[in-house]
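One letter stands for each residue in the lines below.
2 protein chains.
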Amino acid sequence: MAVSNVYAVILAGGSGSRLWPLSRELHPKQLMKIEGDYTLFQSAFIRLVNCVDDKNILSITNVKLESQVKAQLKEMQEKFCRKSSYRVITEPECRNTAPAIALAIKYIEMLQQDKNIKEDPIIVAVPSDNLITDNEKYCKAVSAGIELAKENYIVTFGVRPDRPDTGLGYIRAKNNRKIKSIVPEGLKVESFVEKPDLETAEEFVESDKYFWNSGMFVFKASVMMAELKKYEMDIYNIMKFAEISSQTPTIPYQDFKDMPDISIDYAVMEHTKKLAMIPLDCEWRDVGSWEAIYEISEKDDNGNYIMGNVLDLDSEDSMVYSTSKLITTIGLKDTVVVETEDAVLVCDRHRSQDVKKIVNHLKERNDSTQYTHKTVYRPWGYYQVLNEGKGFLTKCIYVNPGAKLSVQLHHHRSEHWVVVEGKALVLKGEDYFELNCGDSIDLAVEEKHSLQNPYEEPLKILEVQQGDILDENDIVRFEDMYGRV
Amino acid sequence: MAVSNVYAVILAGGSGSRLWPLSRELHPKQLMKIEGDYTLFQSAFIRLVNCVDDKNILSITNVKLESQVKAQLKEMQEKFCRKSSYRVITEPECRNTAPAIALAIKYIEMLQQDKNIKEDPIIVAVPSDNLITDNEKYCKAVSAGIELAKENYIVTFGVRPDRPDTGLGYIRAKNNRKIKSIVPEGLKVESFVEKPDLETAEEFVESDKYFWNSGMFVFKASVMMAELKKYEMDIYNIMKFAEISSQTPTIPYQDFKDMPDISIDYAVMEHTKKLAMIPLDCEWRDVGSWEAIYEISEKDDNGNYIMGNVLDLDSEDSMVYSTSKLITTIGLKDTVVVETEDAVLVCDRHRSQDVKKIVNHLKERNDSTQYTHKTVYRPWGYYQVLNEGKGFLTKCIYVNPGAKLSVQLHHHRSEHWVVVEGKALVLKGEDYFELNCGDSIDLAVEEKHSLQNPYEEPLKILEVQQGDILDENDIVRFEDMYGRV
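Chains as they are written, first to last, in the numbering used here: chain A, 1 to 485; chain B, 1 to 485.
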């Protein structure tokens, strides 16, 4: 199975704004467990392990998600691969799929160069937010796609629609003798069709010419670069001259900053003459909206999907999802309710595509609930803000075993720590203190300090910050095991 | 205006379950500000000050609400009365209006006895959860009611309906020569009508014979007791022999426990032949349901009433009420969303009467969200639970200036306090410590302690409890300025 010049790239930089408030810019849906034991991103990795040499599986994300993606990938490689050597390409900012794919191509070319391989790499680029249940059929389709890509086709994968979905793009395909001669199931793509209205979508389901655009592609690096040169010159030029090396899988901000925010569909697929399609003949779901989550979930006799601490009276065809507090519902119909620690969404189920608009509004008014949860993930663990008031702020801080926060000081705040679970090793000034559960310590303004968990149990502390300015940016770092100095 | 044998009783013991989750058994709607600067209970007091001698205004509530009712009353009496001498009658448990009215009568009789007044007291009994805007018309109606009560009528007050409300009881009235001769606007009550269906309610609005039952009554003490004897012998007998004195405005639990849970409407009004009615010719709203709150609130162009941190897209005729976190809504129609710190209600607006059912379900499953908020009121201030985990619990505790928590100890938990606002005086063992903002102190298991705020600024502390059992009942009290030892 393994072919050394075939690479796979998992696109894992999306912000998943249509699944807000559960999905956030800093913890988007692909990094969440939607179904089963693994996150959507991890499931995408597991699927690829069966079709591509695991050393050749990469992922690309943005700098904000980097540490989470690496942690999730590490877990998968330890479980499913002989050699653990994960490669994550990091974009300096959140962009769209066209810049991501171009950067991945360039980086893979650098890898090939290092190994002195002249052969043109073939790249399987996949989204990280689909639910696909049948790994065998998936692999079979990918293999067929690779065969077509070898013949210089850009290959998409289409799924036969089983319902008139207006939230997805469609592909119109037709038979083609030349393609059929390479792989019998292959088709020619006649056109890409944007998200249709309901009537049109119903026609598409009736016809056998239309497929859902799965967002998966296979192509030769040189072929895709040639098409980018033809149809999206800006990206091509920037990438051509960007300083990228196989040692540092990223692109300098100076090179990246002018990259247009465009999807690979708009940039290339809608224009290129080289498109072929392989039908993806298995259950496939785009987890793109709350409606989609509702569709894939198991419903009760009244058509409701209910999760968490919920008490319902007479609702129908609704979804009620609580992550923290009690939600009670009475007589709802076709409604989605999603609750998280800091926000609640109540939405007509058929309008769940418009959640994106809500997130854009929040961005405009600079509301932090659009990008971060009350829970904030860090390389060493995470923290939650419990309470904020005039002059003080309380956090619950979770430090993973073996992890250590940077050596730091603050100009404007003192900190008071109480250990509530596990044990802590605290640097205060020049001295180290071991704190057991129940112990507390004071850290003055301007006092150098660090929190460390060198033990085997997780550590949980409560932090009370006090000061005139309580801001995450009031931090001077001296040492950091995660390179944030 | 002031007549010494006329008393007013504000019934303030209701649990307001149909306004859950904003209203709770331990902080019900009558104690909340729904509109304007005062709570509903306080507004009821202000209205009565204009019609009745303020020394003769009492209120009756249950033991759980006593300290809040007293605090609200104190504030009003300091503002609106020359002499501050509030009288709150306390029931040992939550019951209905018939036992409350009977207890109030008995207590007022004891007061009269003390003063050696032989005259039969006249009592104005009013709910504490109505919105009434025109105090002048209200007073005029009450005065007319008093005149009729002097002639041994039991007087109700009826409001001309301006819409077919199915959530209210109605009164069918007719002209009566004898009553008219006493007060020209008086009418005879033909019958009480239970909450009607929509069609019937529409007929009532068309007809001029029907009035909303406002729940306000005026009667002579002796007349009401005679009617209770006739129609609700149990209450009469218990009250006759109960040990009640004017010194301690309450009734022993032993006497109270068998009191039937029945409203004064069911117990007396529906049977008595002595009913008269005075029309209450002003804007009057029963704040009995979220639909009612929606009705009285100012709506935007789309018919929405929106309060707090809310972002809406295209909703219509809905009410969205946030007290803490962000609520976003898309495309709702006739929906009520109410969010509090620990619960969310999402409800078809026309079914807001069914909130009561939800609260009953919660009671059945012993869910504390039916009776208390995350904010718990105490005689010395209040506290909020911030965070709970295995073996620890965090609270934010607010202590009023001059207040002091009981001297106490706990068998199962240690406590760690950090002052985040104001100053604290802490008893730890036998010693006192003055804690400034930022200071902390540890209180061990079994260590006697007390928290005190003898200063002029409010005090706010964070408390971290640690132990195997974290329960409010794990408390041994030694001294308490609120008599809770």
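No wet-lab data here; the hints were simulated from the structure. No experiment lies behind these values; they were computed from the predicted model shown. Hints are supplied without guarantee of correctness; some may be wrong.
No copy labels: a pair is met if it fits in one copy or bridges any two.
[To be verified] Computed cross-link-like contacts, DSS-like style, restricted to lysine-lysine with a CA-CA straight-line distance of at most 27 Å:
(1) Lys229 <-> Lys357
(2) Lys178 <-> Lys195
(3) Lys115 <-> Lys357
(4) Lys390 <-> Lys423
(5) Lys240 <-> Lys299
(6) Lys240 <-> Lys83
(7) Lys174 <-> Lys423
(8) Lys333 <-> Lys363
(9) Lys404 <-> Lys240
(10) Lys356 <-> Lys115
(11) Lys140 <-> Lys229
(12) Lys209 <-> Lys137
(13) Lys274 <-> Lys74
(14) Lys33 <-> Lys390
For each hint, the structure was consulted:
{"no.": "1", "hint": "Lys229 <-> Lys357", "result": "neither (33 Å within a copy, 66 Å between copies)"}
{"no.": "2", "hint": "Lys178 <-> Lys195", "result": "neither (29 Å within a copy, 77 Å between copies)"}
{"no.": "3", "hint": "Lys115 <-> Lys357", "result": "neither (46 Å within a copy, 70 Å between copies)"}
{"no.": "4", "hint": "Lys390 <-> Lys423", "result": "between (30 Å within a copy, 15 Å between copies)"}
{"no.": "5", "hint": "Lys240 <-> Lys299", "result": "neither (51 Å within a copy, 58 Å between copies)"}
{"no.": "6", "hint": "Lys240 <-> Lys83", "result": "neither (32 Å within a copy, 87 Å between copies)"}
{"no.": "7", "hint": "Lys174 <-> Lys423", "result": "neither (65 Å within a copy, 79 Å between copies)"}
{"no.": "8", "hint": "Lys333 <-> Lys363", "result": "between (30 Å within a copy, 26 Å between copies)"}
{"no.": "9", "hint": "Lys404 <-> Lys240", "result": "neither (39 Å within a copy, 73 Å between copies)"}
{"no.": "10", "hint": "Lys356 <-> Lys115", "result": "neither (43 Å within a copy, 72 Å between copies)"}
{"no.": "11", "hint": "Lys140 <-> Lys229", "result": "neither (31 Å within a copy, 87 Å between copies)"}
{"no.": "12", "hint": "Lys209 <-> Lys137", "result": "within (21 Å within a copy, 75 Å between copies)"}
{"no.": "13", "hint": "Lys274 <-> Lys74", "result": "neither (36 Å within a copy, 83 Å between copies)"}
{"no.": "14", "hint": "Lys33 <-> Lys390", "result": "between (37 Å within a copy, 24 Å between copies)"}
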